[in-house]
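Peer 1: Chain residues, written in single-letter form:
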Amino acid sequence: MKNSRLIAVLLLLCLLSPLAAQGQAESGQQKEIELRWASIWVGNDSKAPAVEALVKEFNTKNAGKIKVVIEPQPDYNAYEQKVRTSLAAGQAPADIFTIKFNPTTATFYQSDLLMDFQGKLDDAWKSTFDAGSLEQSTVDGMLKSLPMETAILPIWYNMDALKSVGVNTIPATVQQMYDTFDKLKAAGIAPTSQMTGDTNAWTSMIWFSHFAVSLGGPNVWDKPFTDPAFVEAAKLIKKMIQEYSTADAVGLGAGGSGGHFLAGRTAVFSNGPWYAGRADLAATPFFDSIKIGGLPAVGEYEDIMISRLQANICAASSKDAAKEQAIVSFLKFLTSPSSIAKIAETSGAMFAIKTDYRPVNNLQKQFYDVNAAASTTAFDLEAALGSEVTLEFAQQLGALALDRISAEEFCALVDRKIEH
Amino acid sequence: MQAVGIRNRWIWSARILFLLPVALLFFFFFIYPFFFTVFTSFTSWRGIGAMKFNGIKNYTKLITDPTFQKALRNNIVWALSQGLIQVPLACLVAMILVRKPFGWRGLRTIYYLPNVISTVALAMVWVAIYNVDGPLNAILSGLFGMEKHNWLGNPDTALFAVIFQTVIYIGYFMIVLLASAMNIPRSLYEAAEIDGASTLVQEINITLPMLRGTLITTMTLAMAYGMRHFEATFLMTGGGPAYATTTMGIDLYLKMDALRYSEASTSGVFLIIMGTLVITLLRKLFGSSDPMSEMAQ
Amino acid sequence: MKHSPTSIIGNTLKWILLISLLALALLPLLWLLVSSLRTNLELQTDPFGWPQKFQWVNYANALAMASLPRLLLNSVFVAVVTVVLNSLVTSMGSFILAREHFKGRDVIYTILTAGVLVPVISFMVPYFSMITRSGLYNTLLALILVYTAVNIPVSIFLVTAFMKSIPKELEEAAIMDGCGFFKRFSMIILPLSRSGIVTAATFCFIYSWNEFVMAMLLTSSVESRTIQLGIKFFSSQFITDYSSMYAAVIITIIPSILGYVFLHDKIIGGLTTGGVKG
Chain A
1 MKNSRLIAVL
11 LLLCLLSPLA
21 AQGQAESGQQ
31 KEIELRWASI
41 WVGNDSKAPA
51 VEALVKEFNT
61 KNAGKIKVVI
71 EPQPDYNAYE
81 QKVRTSLAAG
91 QAPADIFTIK
101 FNPTTATFYQ
111 SDLLMDFQGK
121 LDDAWKSTFD
131 AGSLEQSTVD
141 GMLKSLPMET
151 AILPIWYNMD
161 ALKSVGVNTI
171 PATVQQMYDT
181 FDKLKAAGIA
191 PTSQMTGDTN
201 AWTSMIWFSH
211 FAVSLGGPNV
221 WDKPFTDPAF
231 VEAAKLIKKM
241 IQEYSTADAV
251 GLGAGGSGGH
261 FLAGRTAVFS
271 NGPWYAGRAD
281 LAATPFFDSI
291 KIGGLPAVGE
301 YEDIMISRLQ
311 ANICAASSKD
321 AAKEQAIVSF
331 LKFLTSPSSI
341 AKIAETSGAM
351 FAIKTDYRPV
361 NNLQKQFYDV
371 NAAASTTAFD
381 LEAALGSEVT
391 LEFAQQLGAL
401 ALDRISAEEF
411 CALVDRKIEH
Chain B
1 MQAVGIRNRW
11 IWSARILFLL
21 PVALLFFFFF
31 IYPFFFTVFT
41 SFTSWRGIGA
51 MKFNGIKNYT
61 KLITDPTFQK
71 ALRNNIVWAL
81 SQGLIQVPLA
91 CLVAMILVRK
101 PFGWRGLRTI
111 YYLPNVISTV
121 ALAMVWVAIY
131 NVDGPLNAIL
141 SGLFGMEKHN
151 WLGNPDTALF
161 AVIFQTVIYI
171 GYFMIVLLAS
181 AMNIPRSLYE
191 AAEIDGASTL
201 VQEINITLPM
211 LRGTLITTMT
221 LAMAYGMRHF
231 EATFLMTGGG
241 PAYATTTMGI
251 DLYLKMDALR
261 YSEASTSGVF
271 LIIMGTLVIT
281 LLRKLFGSSD
291 PMSEMAQ
Chain C
1 MKHSPTSIIG
11 NTLKWILLIS
21 LLALALLPLL
31 WLLVSSLRTN
41 LELQTDPFGW
51 PQKFQWVNYA
61 NALAMASLPR
71 LLLNSVFVAV
81 VTVVLNSLVT
91 SMGSFILARE
101 HFKGRDVIYT
111 ILTAGVLVPV
121 ISFMVPYFSM
131 ITRSGLYNTL
141 LALILVYTAV
151 NIPVSIFLVT
161 AFMKSIPKEL
171 EEAAIMDGCG
181 FFKRFSMIIL
191 PLSRSGIVTA
201 ATFCFIYSWN
211 EFVMAMLLTS
221 SVESRTIQLG
231 IKFFSSQFIT
241 DYSSMYAAVI
251 ITIIPSILGY
261 VFLHDKIIGG
271 LTTGGVKG
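Each protein sequence line maps, in turn, to chains A, B and C.
Numbering follows this note's numbering, in which position 364 of the first sequence is assigned residue number 364; successive positions increment by one, without gaps.
Numbering follows this note's numbering, in which position 35 of the second sequence is assigned residue number 35; successive positions increment by one, without gaps.
Numbering follows this note's numbering, in which position 192 of the third sequence is assigned residue number 192; successive positions increment by one, without gaps.
Simulated from the structure, these hints should not be mistaken for lab results.
Small disclaimer: the values here were computed from a predicted structure and weren't measured.
Possibly wrong hints are sitting among the right ones.
What the hints assert, rightly or not - The calculated PhoX-like cross-link candidates involving lysine-lysine, where the alpha carbons are at most 20 Å apart (straight line), are:
(1) A:K183 <-> A:K239
(2) A:K120 <-> A:K319
(3) A:K323 <-> A:K342
(4) A:K332 <-> A:K56
(5) B:K100 <-> C:K183
(6) A:K185 <-> B:K148
(7) A:K354 <-> A:K163
(8) A:K342 <-> A:K61
(9) B:K61 <-> A:K417
(10) A:K323 <-> A:K56
(11) A:K323 <-> A:K61
(12) B:K57 <-> A:K417
(13) A:K365 <-> A:K354
(14) A:K417 <-> B:K70
(15) A:K342 <-> A:K120
As the list claims (entries may be wrong) - If we take Cβ atoms under 10 Å as the criterion, some of the chain B residues that face chain C in the derived model are:
(16) P21
(17) I48
(18) A258
Beta carbons are placed, not taken as given, at the ideal position from N, Cα and C, and that holds for glycine.
Generate the whole structure from the sequences, applying the supplied hints.
Peer 2: Have a look at this one:
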């Protein structure tokens, strides 16, 4: 009878299901402390090999006492969701995890689930960190995340394209910039990559940030968004999108924006150091003639480089003192200058920990040089104001670029999302 | 009398036994989370920290938010498009395929293929197709001399571009209607054939009435999907530009991203209530006295 | 076969429709196939081009995916058990909702099917909470339970509709012949609503196979992860190796196509003459 056959199959499957219930491995009862790291630096990420090697090294050195287990989190958006969901459900996502530090994630500090490093940072350890980054990571006296990966967001110039229209150096003044752009346009090259799509209009958001800090200073983000600096910056970014970019800029995503640059369809781009390590970038004919730098100052503030905290490392607080000590011991190891140098070497990423490492690769070297030379740095819009505001920025940027709203209206709309 | 009493109790035990698994699973994965969601919609909760009671402030904020109003309007457009365009199209194809034309097996499999492929890949293809320098514009400007449009980047065309991309993929509803159409006894058609009725007449007088119940079921399902629509739009436009394509589902998702859990819950509750209302309304409008329950009575 | 002018026009229109829909349906799959043979640079710069050289290395990369066999096995296990569980639970429940009459039946049905409207994403926090507090975090069983439950509204909706369409007379005849409750279910209703159950099972299978969000949320190690997470290893925070990822997607589509073909062709395929006899 079909019914009984079905029931039999189901019973069989139920018997097999304990195989499915793997759960967390029960480590031997030898007081080996197991630390779970929900790591995004796995698989395809450029930092993965070095990080995995370091974890192995640590585990070997601490065999029998501490074991760090990496839980791979390959999809970044899903990872961020996991962090949020678990914290909202009253649990830390793992013993060790990273966050992108900005006003939205800074609210995590209010949770008791995160370990406060304030008491655990001795002077020796503290001195290895860049002081500015530590300060930025401190909220209300709490330091519930340690700055680790940082980034600058400079402007990228395809010098081959510029040279082809007779421009041999990065534009130093605004006038030179427009002249260069006009020449590029005449030669059929869209001068800049711009985009209003995705949740943060990434490329254009960076350009906007350069404009805004030049017009309003590095602390412009403390001002209301209706400030004239922002209105002027909005007018400038609108001009960039309308006159000096590709026809598909409105609604375009980061993939499209990068794709235009990679294909040589645009000459000026913007992105962080991670983009420098891409294989498809290295395969372009103009790879060796990429120069990075800032934009000419459109306002009274000059020489400001946009920089941000890219990844801060957090830990779960625990009542078990031994566990907390184990976490601290691992993090000390991970953030030691020698470890960081190893990661930087093979990935080209930049860190908030001072090391002696200097890249040899031309483009990565430029990143380190520009970072070192920058006298003043400022956050970009996303790092300064959080993801919600950035989303509104991206959504309304499309309307602005299509002339459906004025620059003032644009700024007012974004301002509404900022919590004052 | 006693025998009847025992038998009644026995039937009730059997009924409860059969309903229990469904009820249990549904309770834990729908009822409990729903109450959790309703509860949090009356609080101000940001994921971290305490849940403070907030009254109906979240709801008033939601209803007066022009972005959410736009989302609701978009969802209704989605529900209508999926219910009144996608499903009839699927029905047409099902009616054609049930007569087993040449290659019907292959066609049936291929029409469902896009649903098997991940939605991410599907979205990527269409974003590329709709691009200003993509194949759609190439065809339109090459053959018809039309201007090149930024289909997804223009608030006026974006919504319809995404809807078009969804509506042409009829596979999902087609296989439901096909399964039902295949249950129609051949003898009815043979009799009509003998009477000299043309294919069209047969379809109108036999297939459509027999499919009526399934058609209504599928339309209702399609409208429900329209009301909760999220993925395709989010992948293709992120809800933009300027919130032109946003939906209640996207609104909810973005609020969760921003840790505004209470407000997300409010959107969720509203979505469910609105969805139920709209679907009930549409069903009444398009005449769905359920003939099936009459038949089974 | 008539060849009147109207039928020729009708036929032509019919085939225009079928072929246009066919082309549109094949487009994404063909694009995926072609893209899986290109380099990332080619994909970034010209999404619709033809490969300069066929990059079979992408498939090598995809097949070299860490723990591919285990991930595939997990996906198959989860999908199959989910489908069996969902079909069983749904058939039983739908039988009561479609063929039994009692007060409150319609209320139960409405509540169950209202679940179709629920955006499951909004339930992430309660789901996470439940799964972790019951010790099911990082188990295949967690995925099975979630997937089975999430598909209940649609399955109930479909199967109840199919069960309702079975004529009353058949059941009455069976009762006359002395069929009791269970026999009615297993010998009459279940076989006759087979196509509805299989359709719901197909949707359930495809859902389980492609599901990713809950899998990422509720699992953390290879023992309980599915192939969709494996595919994500070609992406990272900043870079996605699209060409290898597409190769992996093509490889993983094959089982879901096989699953669909098996469920439909083999199980429904027999119904060429329709289900209702006499």
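Peer 1: Compare the structure with each hint and give your call.
Peer 2: Cross-check of the supplied hints:
no. : hint              : verdict
1   : A:K183 <-> A:K239 : holds (16 Å)
2   : A:K120 <-> A:K319 : holds (15 Å)
3   : A:K323 <-> A:K342 : violated (26 Å)
4   : A:K332 <-> A:K56  : holds (15 Å)
5   : B:K100 <-> C:K183 : violated (34 Å)
6   : A:K185 <-> B:K148 : holds (19 Å)
7   : A:K354 <-> A:K163 : violated (36 Å)
8   : A:K342 <-> A:K61  : holds (17 Å)
9   : B:K61 <-> A:K417  : holds (14 Å)
10  : A:K323 <-> A:K56  : holds (19 Å)
11  : A:K323 <-> A:K61  : holds (17 Å)
12  : B:K57 <-> A:K417  : holds (17 Å)
13  : A:K365 <-> A:K354 : holds (15 Å)
14  : A:K417 <-> B:K70  : holds (18 Å)
15  : A:K342 <-> A:K120 : violated (24 Å)
16  : P21               : holds (4 Å)
17  : I48               : violated (12 Å)
18  : A258              : violated (14 Å)
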